[in-house]
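Novice: Chain A is fixed; fit chain B onto it per the hints.
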Amino acid sequence: MKSGNPHPPKLADRLLQWFAGSAYMEDLLGDLEETYAIDHSEKGKRKADIIYWQHVLSIILSYALKRRKKNASYSSYFSDHSLSMFNNYFKIAFRNFSKHKFFTIINIIGLALGMSISLLVLSITLAIYKSDDLQANKDRIFQINTSIVDEELNTKTYGSTFHAVGNHLEGKYPFVESVVKIKNGFNPEIKHQGGEMKFHGYFADPSFFEVFSFQMISGNPQTALLKPFSIVLTQSVANKLFRDQDPIGQVVETKMGSFSVTGVMEDLKQTHFLFDVLASYQSFDQLETITNLKTDWNNYRDNYVYALLKPETTQSTLTESLVQTSGIASEFNPNQTIKLESVALKDVVPRWNISNALGIGWDQPSLILFMSIGLLILLPAVFNYTNLSIARALKRGKEIGIRKVVGAEKRQIKAQFIIETVLLSVISLVASFFIFIQLQREFLDLLRASAVMDTSIDFALIGTFILFAVIIGLLAGLFPATYFSRLNPIHTLKGGSLNQSASISHIKKGLFVFQFFMSLVFIIGVSTLTKEYAYVLNKNHGFESENTLAIPFIDIDKQLAINELGSHPDVKSITTTSSLPGIPLSTMTGVTPNEIDTFSVKQIFIGDDFIENLNMKLAWGDSKDLNRSTKNQELVVVNETFMKSARVFNFRQDSLTFTSEDGSRCKIVGILKDFNFEPLDQMIQPLVLRHSISESKYALLTIHSSEIKKTIDELNAIWAGIDQTAHFESSFLDDEIEQAYHFLAVQIKFFSFLSAFAISISCLGLLGMVSYTTENRTKEIAIRKIMGASNKNLYYLLTNDFVKLILISSAIAIPFSYFFYDKLFLYFVLRYGNGLGVIEVLVSIVFLFLVGFASIFWQTSKVAKTNPARNLRYE
Amino acid sequence: MKGFIGEFEELVLLTICNLNKEAYGVAILNDIIKRANRKLSIGALHSTLTRLEEKGYITSYLGEPTNERGGRRKRYFEPTQRAIQELNNMKALRDELWAGSKVNLSL
Numbered sequence: 001m002k003s004g005n006p007h008p009p010k011l012a013d014r015l016l017q018w019f020a021g022s023a024y025m026e027d028l029l030g031d032l033e034e035t036y037a038i039d040h041s042e043k044g045k046r047k048a049d050i051i052y053w054q055h056v057l058s059i060i061l062s063y064a065l066k067r068r069k070k071n072a073s074y075s076s077y078f079s080d081h082s083l084s085m086f087n088n089y090f091k092i093a094f095r096n097f098s099k100h101k102f103f104t105i106i107n108i109i110g111l112a113l114g115m116s117i118s119l120l121v122l123s124i125t126l127a128i129y130k131s132d133d134l135q136a137n138k139d140r141i142f143q144i145n146t147s148i149v150d151e152e153l154n155t156k157t158y159g160s161t162f163h164a165v166g167n168h169l170e171g172k173y174p175f176v177e178s179v180v181k182i183k184n185g186f187n188p189e190i191k192h193q194g195g196e197m198k199f200h201g202y203f204a205d206p207s208f209f210e211v212f213s214f215q216m217i218s219g220n221p222q223t224a225l226l227k228p229f230s231i232v233l234t235q236s237v238a239n240k241l242f243r244d245q246d247p248i249g250q251v252v253e254t255k256m257g258s259f260s261v262t263g264v265m266e267d268l269k270q271t272h273f274l275f276d277v278l279a280s281y282q283s284f285d286q287l288e289t290i291t292n293l294k295t296d297w298n299n300y301r302d303n304y305v306y307a308l309l310k311p312e313t314t315q316s317t318l319t320e321s322l323v324q325t326s327g328i329a330s331e332f333n334p335n336q337t338i339k340l341e342s343v344a345l346k347d348v349v350p351r352w353n354i355s356n357a358l359g360i361g362w363d364q365p366s367l368i369l370f371m372s373i374g375l376l377i378l379l380p381a382v383f384n385y386t387n388l389s390i391a392r393a394l395k396r397g398k399e400i401g402i403r404k405v406v407g408a409e410k411r412q413i414k415a416q417f418i419i420e421t422v423l424l425s426v427i428s429l430v431a432s433f434f435i436f437i438q439l440q441r442e443f444l445d446l447l448r449a450s451a452v453m454d455t456s457i458d459f460a461l462i463g464t465f466i467l468f469a470v471i472i473g474l475l476a477g478l479f480p481a482t483y484f485s486r487l488n489p490i491h492t493l494k495g496g497s498l499n500q501s502a503s504i505s506h507i508k509k510g511l512f513v514f515q516f517f518m519s520l521v522f523i524i525g526v527s528t529l530t531k532e533y534a535y536v537l538n539k540n541h542g543f544e545s546e547n548t549l550a551i552p553f554i555d556i557d558k559q560l561a562i563n564e565l566g567s568h569p570d571v572k573s574i575t576t577t578s579s580l581p582g583i584p585l586s587t588m589t590g591v592t593p594n595e596i597d598t599f600s601v602k603q604i605f606i607g608d609d610f611i612e613n614l615n616m617k618l619a620w621g622d623s624k625d626l627n628r629s630t631k632n633q634e635l636v637v638v639n640e641t642f643m644k645s646a647r648v649f650n651f652r653q654d655s656l657t658f659t660s661e662d663g664s665r666c667k668i669v670g671i672l673k674d675f676n677f678e679p680l681d682q683m684i685q686p687l688v689l690r691h692s693i694s695e696s697k698y699a700l701l702t703i704h705s706s707e708i709k710k711t712i713d714e715l716n717a718i719w720a721g722i723d724q725t726a727h728f729e730s731s732f733l734d735d736e737i738e739q740a741y742h743f744l745a746v747q748i749k750f751f752s753f754l755s756a757f758a759i760s761i762s763c764l765g766l767l768g769m770v771s772y773t774t775e776n777r778t779k780e781i782a783i784r785k786i787m788g789a790s791n792k793n794l795y796y797l798l799t800n801d802f803v804k805l806i807l808i809s810s811a812i813a814i815p816f817s818y819f820f821y822d823k824l825f826l827y828f829v830l831r832y833g834n835g836l837g838v839i840e841v842l843v844s845i846v847f848l849f850l851v852g853f854a855s856i857f858w859q860t861s862k863v864a865k866t867n868p869a870r871n872l873r874y875e
Numbered sequence: 001m002k003g004f005i006g007e008f009e010e011l012v013l014l015t016i017c018n019l020n021k022e023a024y025g026v027a028i029l030n031d032i033i034k035r036a037n038r039k040l041s042i043g044a045l046h047s048t049l050t051r052l053e054e055k056g057y058i059t060s061y062l063g064e065p066t067n068e069r070g071g072r073r074k075r076y077f078e079p080t081q082r083a084i085q086e087l088n089n090m091k092a093l094r095d096e097l098w099a100g101s102k103v104n105l106s107l
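Chains as they are written, first to last, in the numbering used here: chain A, 1 to 875; chain B, 1 to 107.
Here chain A stands alone, though its shape is the one from the complex:
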């Protein structure tokens, strides 16, 4: 035997030591080493090593070590968190909650408010990811997408594709069971009770109901979309149009022709499709005769193809065939590189980056944006909790000290605090849930896609919420738990001051500034939007909107109606129009200024005296002679933007004539000054006013009446005298315009919610911080008072720090808001708004200061007013 002992494998030793922890191991290690030495001399190193490993493992798994580990821990709950200890944590947590009610309430309210927005985001995200889950063939359906690389090598992916791809796939590849071609843009205005109702829908192949499992309520799903000019309605549309009648076999009249109803399907639910009506694909073929989409390899916009594969066909098979098909597509489009791709139905929404997608327009970037708004509200609430918990270190320090002295380990203290926080956040979740239900109702009303999203509350959603609350609890509790577990028991038990609790640390200051910065930004947002809203409603749009009554008329003798209604004594003047000014215009048409180029303009058909009655200003020319059009030349009025656009196209300035899309030669006799004919968020577009009473849809009455209601009733009577069947409706142009700005009202509402939440959370945080700093300084204040400090001095002393913080945050928030709202936000929301005002900013700051000071004052006055003698005895 060599001198010196042979060394057993180190790794095994380490493993054993790590596993044993603080257990008593001396004799065991001795035994191990002794057997190793014997084996080493008898059997050689390799064998001895193996035996050593076996022994080590046997010890690790043995009862002996388990027993020793248990003995090594001096308290019985060390090795496993026993149930009774958890019980104790819960008990302590609840006792603490009820002991510090103020702290608990602040945090619960704060977290509940903060979480509610996140819950909303979660529920909507979940709903979007759930779309098309109910489709029976969801694993076999694929949407065909088109990736196009242009000359600058930018790749753009479209959700749409050439319809020829559909026919090609179906004809050439036997593994494709069925193909559905969908053409977006079937937007009929269905005539209904003398008016028109707008609907949105698609042209779809007859196979639609075979591939997608939407239930038909009545009608035959196989044949419903077979014939041209057949239409399938969703249930809610059918109810709107036909109420109690059986819709099957009814005929609906639209501008595109008469469609006969062949089916009623259930309302859409949990899908990415978004439509009210479906027309047969054949109808599109008949309406559009120039290009035959089935063989067309050029148009990919608004054309969609879905392929249903035979069972047990993999996506890669489809991908291969699409690669071949891409080759054909590229031949037809030599300047572009075209790549066709397939996307499983489940992955159609949300996508990361997709153009021209069909149905609900949620993509991942907008979801992420939405989520970050949620977090922006939630994080301050979490910060508050962290701040306030640590601020209470002085109070809880003793408890922790005793726990540690009795034998609690760091991780037990951590576990205790984390459990406490998770408990608090779960309680907040319950409160938050009620806020969420309210919010969801409001929010879904604003959302166009809400109709097809499944936002019902189910187990998955509740589970997600609870998981979310637990994560938030862990997040909020982690920092305080680590902080508390590190406290030195001797120090805290001696009552040594924890320096951090008396003054505010830099991190906390930063968090404060951030919170108030955000609140201020939100408040300024609300006041700005409110101001813009008032502005657009009161603004002179460039035409008279007051006292103007709009009466929709279509199925009535128009000339007679104009004469009869105009004869009423309260009606000063009457004119007609095809669409109301101040409201979005849908009709675009093309004009050709030079016989070659065409550019698109918006057009309105107006009656006599339209421009005069609405007090529009002409920059040039005359508008009186509009009705003197001849067959060869139609006299029209355009706006200045029209002239600007036309100039680009070599417009013959001298003759002032152009050809409109319907073939009539037009001569410009007047030029209107530019004004917003559409809402202020729309660009001012080239506009043509043409004279035609037969094309008009509204009678515009300028009314001067002391009793509006009586006048309207009388007008109704006149109307009934002309035509018994037509339906009389009237509304003031002002109200119509107000409705057109509904989107602004919606945004104001949303912003008000957010800012109310942000402000409440930051003020709660402020309140909490002030109350704890003042509480910690009770003794100091008492001494100051005894020494002769006045109340004023004390207020100054206590509020000083916080006022500074609020000032700093406003100093950051004001320039930021100015840039954000004035330069970015309003530009998108309202192109022709009048920007951010000084008064709004001032009002917002004053508001924030008032709320902030009120919470500071409330707490400080409590301390400043009490009897100093009592306060001195307090600690």
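I should point out that these hints are in silico values taken from the structure, not numbers from a laboratory. All residues carry an ideal CB built from backbone N, CA and C; glycine is no exception. Each statement offered as a hint is correct.
If you anchor each label on the Cβ, the simulated ranges turn out as follows:
| hint | chain 1 | residue 1 | chain 2 | residue 2 | range |
| --- | --- | --- | --- | --- | --- |
| 1 | B | G56 | A | Q54 | 29 to 35 Å |
| 2 | B | S60 | A | I92 | 37 to 43 Å |
| 3 | B | G56 | A | K47 | 37 to 43 Å |
| 4 | B | G56 | A | I92 | 38 to 44 Å |
One-sided excerpt, in silico: chain A residues whose CB lies under 10 Å from chain B:
| hint | residue |
| --- | --- |
| 5 | E26 |
| 6 | I51 |
| 7 | H55 |
| 8 | L61 |
| 9 | S62 |
| 10 | K66 |
Dumping the calculated DMTMM-like pairs for lysine to aspartate or glutamate here, alpha-carbon to alpha-carbon at most 20 Å:
| hint | chain 1 | residue 1 | chain 2 | residue 2 |
| --- | --- | --- | --- | --- |
| 11 | A | K862 | A | E780 |
| 12 | A | K69 | B | E54 |
| 13 | B | K21 | B | E9 |
| 14 | B | K39 | A | E42 |
| 15 | A | K69 | B | E53 |
| 16 | B | K39 | A | D49 |
| 17 | A | K43 | B | D31 |
Specialist: Same frame as chain A, now just chain B:
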């Protein structure tokens, strides 16, 4: 007191008695391996020793530091009076059964 003495526990106890003052881990281990021709790991042996100690059949004490074990002390085991009593009971029972056997047990 809980439990009877199992077969392996009896083996360990008797080995301790045999080794007398030299009954520590490795000695017991090697003795059992040699005599009973069994494979035995340190972990298994110490588990049994721990159980015997819990049941009150053996006590243990630490010896002096020794060179060959890296200066670590040995833990020596001794049977208690209870263990001797129990071993006797077991032996008496077995003798009785052997004596009363109707089958010829001699080889």
